[in-house]
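If you read the sequences in order, they're chains A and B. Its first residue numbered 1, the first sequence is counted upward by one per residue in my numbering. Its first residue numbered 330, the second sequence is counted upward by one per residue in my numbering.
Derived from the structure by calculation, the hints contain no laboratory data. Virtual Cβ for every residue (Gly too), placed ideally from N, Cα, C. Mixed in with the good hints there might be a few duds.
[Claimed, not checked] Using 20 Å as the maximum straight-line C-alpha spacing, the simulated PhoX-like pairs for lysine-lysine come out as follows:
no., chain 1, residue 1, chain 2, residue 2
1, B, K582, A, K6
2, A, K312, B, K582
3, B, K649, A, K21
4, A, K6, B, K747
[Unchecked claim] A few chain A residues that don't get close to chain B, going by computed Cβ distances all over 10 Å:
no., residue
5, M17
6, I27
7, D75
8, G114
9, L116
10, G117
11, S171
12, F302
13, F308
14, I310
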Amino acid sequence: MEKKLKVTSNPHVRERMDTQKIMLCVIISLLPATIFGIVNFGGRAFVIIILSVGTAVLSEACYEKLLHRKYTIKDLSAVVTGLLLALNLPSSVPFWIPILGSAFAIIVVKMLFGGLGQNFMNPALGARCFLVISFTSLMTDFSQYPGYEDVFSGATPLALIKAGGEADPLSMLLGNIPGTIGETSVICLLAGAVFLILMGIIDLKIPGTYIVTFAIFMLIFGGHGFDLNYLTAQLCGGGLILGAFFMATDYVTSPITPMGKVIFGIILGVMTGILRVFGGSAEGVSYAIIFSNLLVPLIERFTVPRAFGILKEKKKKELKANEKGGAKK
Amino acid sequence: MSQRTFKGGVHPFEGKELSKDKPVKEFRPEGEYVFPLSQHIGAPSKAIVEVGDTVLRGQKIAEAGGFVSSPVFSSVSGTVKKLEKRRGAVGDMVDSIIIESDGKFNSVEFKGTEDPSKLSSEEIIKKIQEAGIVGMGGAGFPTHVKLSPKDPKKIDYIIMNAAECEPYLTSDYRTMIESPEKLVSGMKIILSLFPKAQGVFAIENNKLDCIEIFNKLIKGEERMSVTVLVTKYPQGGERQIIHAVTGRDINSKMLPADAGCIVDNVSTIAAIDDAVSRGIPLIDRTFTVTGDAVCEPRNFRVPCGVSFQQILDEAGGFVKEPEKLISGGPMMGFAMFDLSAPVTKTTSALLALGFDEASAEETTNCINCGRCVDACPERLIPSRLADYAMYGNDELFEKWYGLECIECGSCSFVCPAKRPLAQDIKSKKKFVLAAKRAAQAALKAKAEEKSKG
Chain A
1 MEKKLKVTSN
11 PHVRERMDTQ
21 KIMLCVIISL
31 LPATIFGIVN
41 FGGRAFVIII
51 LSVGTAVLSE
61 ACYEKLLHRK
71 YTIKDLSAVV
81 TGLLLALNLP
91 SSVPFWIPIL
101 GSAFAIIVVK
111 MLFGGLGQNF
121 MNPALGARCF
131 LVISFTSLMT
141 DFSQYPGYED
151 VFSGATPLAL
161 IKAGGEADPL
171 SMLLGNIPGT
181 IGETSVICLL
191 AGAVFLILMG
201 IIDLKIPGTY
211 IVTFAIFMLI
221 FGGHGFDLNY
231 LTAQLCGGGL
241 ILGAFFMATD
251 YVTSPITPMG
261 KVIFGIILGV
271 MTGILRVFGG
281 SAEGVSYAII
291 FSNLLVPLIE
301 RFTVPRAFGI
311 LKEKKKKELK
321 ANEKGGAKK
Chain B
330 MSQRTFKGGV
340 HPFEGKELSK
350 DKPVKEFRPE
360 GEYVFPLSQH
370 IGAPSKAIVE
380 VGDTVLRGQK
390 IAEAGGFVSS
400 PVFSSVSGTV
410 KKLEKRRGAV
420 GDMVDSIIIE
430 SDGKFNSVEF
440 KGTEDPSKLS
450 SEEIIKKIQE
460 AGIVGMGGAG
470 FPTHVKLSPK
480 DPKKIDYIIM
490 NAAECEPYLT
500 SDYRTMIESP
510 EKLVSGMKII
520 LSLFPKAQGV
530 FAIENNKLDC
540 IEIFNKLIKG
550 EERMSVTVLV
560 TKYPQGGERQ
570 IIHAVTGRDI
580 NSKMLPADAG
590 CIVDNVSTIA
600 AIDDAVSRGI
610 PLIDRTFTVT
620 GDAVCEPRNF
630 RVPCGVSFQQ
640 ILDEAGGFVK
650 EPEKLISGGP
660 MMGFAMFDLS
670 APVTKTTSAL
680 LALGFDEASA
690 EETTNCINCG
700 RCVDACPERL
710 IPSRLADYAM
720 YGNDELFEKW
730 YGLECIECGS
740 CSFVCPAKRP
750 LAQDIKSKKK
760 FVLAAKRAAQ
770 AALKAKAEEK
780 SKG
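Please model the entire structure based on the sequences and the hints provided.
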């Protein structure tokens, strides 16, 4: 035999799915919302998306070049980060905002902690919160929305409700309302989410518990009782769907244990509710997610599943007692 | 028909079509035969022949080295050429007896039993022990030990592990198609040892023809039944098949007998029938040669001790240059350096792959996706265990149940970052277990010293 044989440990076969394909699926799933955002908010949104994605990929490449690391941009995770950040920006922001935000997301939140898989906080959301805190007026200016300028002076539906107004649930489902580029169309986002679930990329553990917990919280503490309009508006608005299906489910910053995922979802729901009802801003999804990201190591520590065939301590004692009892008889 | 399974597991490419429909062909080449003295778990056997001795087929050439051990028999007639260390399929050097075959296959006289039901339990177990039968699925645990639990009345199930969940392998399948009566007879013999047990033929639903055959054959047998299993890897794992059939769970510190079960592989049960009914010791085995690099994938009945190379030649050699040669299946088999290793009691297949998926892709960072968690049949968190293994954190490794790993390789199979999770966990497990044994031995030595002082 001329060619040398490969000798490795088992198993000798691998599934086809890899990191790049997973990221590609996430990008595809975000496309409906992205396209809707461009149609809804115009060419400016398109430019912001391109700048954000471009900067994300470029800053990852530059960082790795400077530090003589292996290039990892092929795994497409930087594209996902850039795209998610853009979808979380209002279309009215100046063009340096997506550039600054993307660079911050990739370099500070992701690469400084060791790159993909090592960051403790969702990079896109970390960057968004950084931008909101630093440039509040720019980041909360939704006045660009055509047609709304005069009447609503660009307030998002949730801000309207908070101020005592009403919102139209149907347009919130469709998405022809002011807001950030990618968060407005619930239908487009759900289409993407269904695709991710069908492809086996995400499951309902986190988004399901998140949304249900949040709905229950709002029913109890929202102060509107059982008001279907109010509840729909709360669920559809403020980026909850985008956050629940695309950002809370970020593998790296969510618990890996099955039970941990459920607890993570519950904490998210409660946190979002608290921030919306008692907090200053009307949204709160971003803060809820990055706060819960920080709790992940703690959640995991308390939710290590019992291995197959390992009995609960209680049951063990019962069994022992039974055996002793049996022996006496 | 209800189909049973376990939680977790994976669906690798089956590849069984390659050799599934090829009848088992008897193949007895001339030349050199190698009989390693360690073909089982437990103490190595002790050679009882010398260089220059002439031996017959079926003659004992090494006796058991203890209770948890097993004798070795020559599968050919010929002359003992050497006693030396030879490389086995797993890659280690093992003391072996090398016999030059005279090509005649003259055998000793095999004394069978007309009616095995008249034998006592002790006689049956003795016959199995003296036939050198060990678990032929791969582990090689001496079968007579397995069949001697503390209390035979507490055994409720004898499970024939016919899942054959490992891709590409078809030797169990062919055995079930070609000689199912042998398996039913073998099962009857085992059942006679356990008065309260039910015999279960547990077969995956990708072998519907076998299920039909056994359903027909066991009509009227009150103590036997067929259980249909979902086709999934590792359905044939001992703990997984027990769970699927009985709903009982065992962990690494328990034996199947603790859950009232005894699990035996298809080939093992056939060997039990051969040993008890016909008096033939374990000298031949059914063997699959397969893979995309093999010219004519097929099934053989070969004498133990024959080299992989000889069987491959009989299958027409390679159709293309192989990248990887595996003893066993692709999920739990061992990659080999060459084809000089002999077929032993526990080797079931030679798999030659033209392309090695395992080394084709580079390992990247873990993205914490949890696919390994979903795939793990033992409900572990493989990605974390591999981290602890890498950082040398024994304490957390054990706390997160690292020692429960069954080394099935499902985690490495699904990992999108292509991490060698199973490899990391497996090696750490060995270190932790070795450290534990060392600590125990030290404790014992100390206690002895104290009692002396």
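The hints, checked one at a time:
no.: 1; hint: B/K582 with A/K6; result: 35 Å, violated
no.: 2; hint: A/K312 with B/K582; result: 15 Å, holds
no.: 3; hint: B/K649 with A/K21; result: 30 Å, violated
no.: 4; hint: A/K6 with B/K747; result: 16 Å, holds
no.: 5; hint: M17; result: 5 Å, violated
no.: 6; hint: I27; result: 15 Å, holds
no.: 7; hint: D75; result: 7 Å, violated
no.: 8; hint: G114; result: 8 Å, violated
no.: 9; hint: L116; result: 5 Å, violated
no.: 10; hint: G117; result: 4 Å, violated
no.: 11; hint: S171; result: 36 Å, holds
no.: 12; hint: F302; result: 13 Å, holds
no.: 13; hint: F308; result: 4 Å, violated
no.: 14; hint: I310; result: 5 Å, violated
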